[in-house]
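Going line by line, the protein sequences match chains A and B. With the first sequence counted from 1, adding 19 to any position gets you my numbering. With the second sequence counted from 1, adding 19 to any position gets you my numbering.
In short, the hints are calculated from the structure, not lab data. Model, not experiment: these values are computed from the prediction. Treat the hints with care, as some may be off.
As the list claims (entries may be wrong) - Within a straight-line C-alpha distance of at most 30 Å, the following computed DSBU-like cross-link-like pairs (lysine-lysine) qualify:
no. : chain 1 : residue 1 : chain 2 : residue 2
1   : B       : Lys180    : B       : Lys115
2   : A       : Lys456    : B       : Lys56
3   : B       : Lys449    : A       : Lys69
4   : B       : Lys56     : A       : Lys460
5   : B       : Lys63     : B       : Lys36
6   : B       : Lys108    : A       : Lys36
To be verified - One-sided excerpt, in silico: chain A residues whose CB lies under 10 Å from chain B:
no. : residue
7   : Met135
8   : Ile321
9   : Asp341
10  : His357
11  : Lys358
12  : Pro360
13  : Ser415
14  : Ser424
15  : His448
16  : Leu451
17  : Lys458
In this text, a Cβ means the ideal position worked out from N, Cα and C, and glycines have one as well.
Each chain is listed here by its residues.
Number of protein chains: 2
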Amino acid sequence: MTTLRIDGGTVVTMSHKGIIRNGAIVIENGCIVDVGKSAELKRKYSGYEKINAKGKVVIPGLVNTHQHAAMSLLRGYADDCPLNEWLEKWIWPLEKHITGRDIYVGALLTAVDSIMGGTTTVNTMYHYMEGGNEAQAFAEAGLRGVIGHVCFSWRKKEDRKALRNLAKDWHNRENGLIRVSVDPHAAYTVDPEYMKELRETTKKLDEKYGSPNSPIIWHMHVAETQDEPEKIQQAFNVSIRGGIVEYLDSLGVLGKDVIATHCVALTQRDIKILKEREVKVSHNPVSNLKLASGVSPVPSLIKAGVTVALGTDSPCSNNDTDMFGVMKTTAILHKGIHKDPTLMPAEQVLRMATIEGAKALLWDKQIGSIEIGKNADLAIVDFKKPHLCPLFNEISHLVYSARASDVDTVLINGKIVMENREITTIDVHKVLEMAEKTKEKLLARLESTTNNL
Amino acid sequence: MTTLRIDGGTVVTMSHKGIIRNGAIVIENGCIVDVGKSAELKRKYSGYEKINAKGKVVIPGLVNTHQHAAMSLLRGYADDCPLNEWLEKWIWPLEKHITGRDIYVGALLTAVDSIMGGTTTVNTMYHYMEGGNEAQAFAEAGLRGVIGHVCFSWRKKEDRKALRNLAKDWHNRENGLIRVSVDPHAAYTVDPEYMKELRETTKKLDEKYGSPNSPIIWHMHVAETQDEPEKIQQAFNVSIRGGIVEYLDSLGVLGKDVIATHCVALTQRDIKILKEREVKVSHNPVSNLKLASGVSPVPSLIKAGVTVALGTDSPCSNNDTDMFGVMKTTAILHKGIHKDPTLMPAEQVLRMATIEGAKALLWDKQIGSIEIGKNADLAIVDFKKPHLCPLFNEISHLVYSARASDVDTVLINGKIVMENREITTIDVHKVLEMAEKTKEKLLARLESTTNNL
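With the rest of the complex left out, here is chain A:
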């Protein structure tokens, strides 16, 4: 039996136990078996291998509910240009040359970066390919994740195959670290019939490979920008009267296993439907601002009782994987926009990045808080830093002052994947070298096509 006792730190449980100072967490075979005061647990589990967390704060590993992990390869490739130009002139032409191997390398870079920022679960949407994929990268890094294959009307045949292989090869693998999802790209790129088909596909794949404790979920972009009704009209000649959520509901595809990302351009009716259908929302404020999409009505969603979690979006629309940055932006943005400093208090935001994130991925029985019986996904944050001093309130510091780089040690499924900021699972230096080389080759392939035109 592998045993471990994290001792002497402040434990922010995100459960009914609240904050335990001079606390301890006991882990057996990857699971949390006890949480309490250090003095008591020290006696009870004296022989256990110990991690000293004095001066540190232990939180549940952060849950990033929206990523395109492989796209770290395009970080900083194009910024500050109109969305259409960004996609059509820069991102898509380069993405045409992306191979399975590139996806693997990009996802590896994101996996390492995520862990180094205290993120232990990542929900990622990208192309599932032969010869390399995001699941493989996450598995090597020891990162927990939901790996999706993104579906478009223009490639139904490839999608069907990819979805089957992804579910068969990866769902509930790596001691349950890896799950998979079905990811219709968006309502304007997936036609109504294909949308319904994908819903049916999800059901079938879940029946075959999933279980109530490990479901196959549905992950899609919803209402990222105001012009989606117009785009749907243009693409599929379908006219939309209400909002995008109302339209999706008319197709019968919404449900509690759906995570809708962005939800910027919502109607009041849309918010009501999201609540009724128990759809989960992934809020990506940094990306929404950077890509000039706008601001999601998060306070209204929360007031309506919708589960709202947080995401970074891809490393080329953010441009990092820092969930601490997303927490801070969430906490301050809605205050400023609505001129109400009581909106989105720190504790609510930390919930969104932990337990609400787990709920959004239907993974909250296993992760999202520090509780007996849950998997040991933990981030240990070093508070002995000038910007985290003096200390009045740990939650305030975690949301308003801490940075990804303050995370000292990370455990996923009870395994130490980073210790004193050193990744234990893979050689970071090699990953950086691979990423730089992969980017160079990708640019060379783009250039050779351009020259051949």
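Given chain A's structure and the hints, the job is docking chain B onto it.
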């Protein structure tokens, strides 16, 4: 002669020389004497002590144009409450017990934290007291700064004395590292007559202690919130028809030596006046969002030709000193609010945090860019990190992906004040201990008064 050659890095000059890859910077007695290609300068200055900057990016030290440095002691003391409650119930009652020694300790903490985030110049507004002050703290840390004394109508006598002593004791001291300013708190706390008197005071102090190359400037909060006209009416029975800037202009107090912080609630006429009077603006987006003040019309200010620089505001309204965070928020916020992804491109934002900051403090002849003849205020940023990989564009990474913690080495006036993230001037561990103890004593003093009531 002290000599130094920073060698082999990418030099982001923020001057007409642009970006120099495999570049070098040569320093003699605190001044930059050469900037160019490494290969050439290596031969020319072969005997100089060398800092290896391979894999790193050298930028001008960041200029933080609005701080209340001592307030780091209240970081996280109260968040998420209405502005009035925040000030009246939390901040002001505690501040009543603040001593000169506390101010010194708080400023020392901010100074260390600023340097660790690549900030080399800080413009700070707080109470100048006997027995300890911000200037002393900055001097010990080796940080460049403009130290202001904040003035209120209710304490004119103390203000007059403090302003005289501050200018006499500190202006242009520490090899020119420390300058001072006159800081009327705001238009609603300084009555019209006192405002005019302070303008006159500034002129006199500048004549006595300042010089064209080292002026004493004027630093104040301007139009932070929409309700300032109402507050002025209530406080001084003065009725205001236009905006706050128009009101200040009617008093004849505006000029090119004025740095106006926040400028959130501006009229079109206000913007015109700011340009005409050559007033400089300090934009503090993180604080403005957190305190629910709103969003400054920065794109309009820049379009009108106003110099706009960046600031963090105090560590209890932000809650950190991270200028990288402020750069990213500036770059994404205005895009999102105006739904225009071309607003505030990365290079413009980096200018605001460097050369425009120097201009705003009338310090641009000496700092703000990497140019021959300027003081060597430099931040060396380590790019060998997952979140700064791969590399397409250094400026994009600096604004959208880099964090305070990526700063590796910092020079101010040619002196290495941080090397490999170790502060060389003071013992950081001791500063943290002092800050924590100082906070405890401050709370104890507050509690003893409360108990005596």
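Lysine 358 (chain A) as chain B interface residue, shortest Cβ-Cβ below 10 Å:
holds (5 Å)
Restraint satisfaction for aspartate 341 (chain A) [CB to CB of chain B, less than 10 Å]
holds (7 Å)
So, histidine 448 (chain A) near chain B? Judge it on the closest CB pair being under 10 Å.
holds (8 Å)
Starting from lysine 63 (chain B), check that the Cα of lysine 36 (chain B) is at most 30 Å away, please.
holds (19 Å)
Just to be careful: measuring from the Cβ of isoleucine 321 (chain A) to every Cβ in chain B, is the smallest value less than 10 Å?
At 14 Å from the nearest chain B Cβ, isoleucine 321 (chain A) fails the 10 Å test, so the hint is violated.
Status of the hint placing leucine 451 (chain A) at chain B (closest C-beta pair under 10 Å)
holds (5 Å)
Please verify that hint: lysine 458 (chain A), Cβ, nearest Cβ of chain B, below 10 Å or not.
OK, holds: lysine 458 (chain A) within 10 Å of chain B, min 4 Å.
Would you check whether serine 424 (chain A) satisfies its interface hint, that is, whether its CB is within less than 10 Å of any CB in chain B?
OK, holds: serine 424 (chain A) within 10 Å of chain B, min 4 Å.
Run the distance test for lysine 456 (chain A) versus lysine 56 (chain B): straight-line Cα separation, threshold 30 Å.
holds (25 Å)
Minimum Cβ distance from serine 415 (chain A) to chain B below 10 Å?
holds (4 Å)
Close enough to count: is the Cβ of methionine 135 (chain A) nearer than 10 Å to one in chain B?
holds (6 Å)
Is lysine 108 (chain B) within 30 Å of lysine 36 (chain A), Cα to Cα?
holds (29 Å)
Taken one by one, the earlier hints fail for this structure only at number 8.
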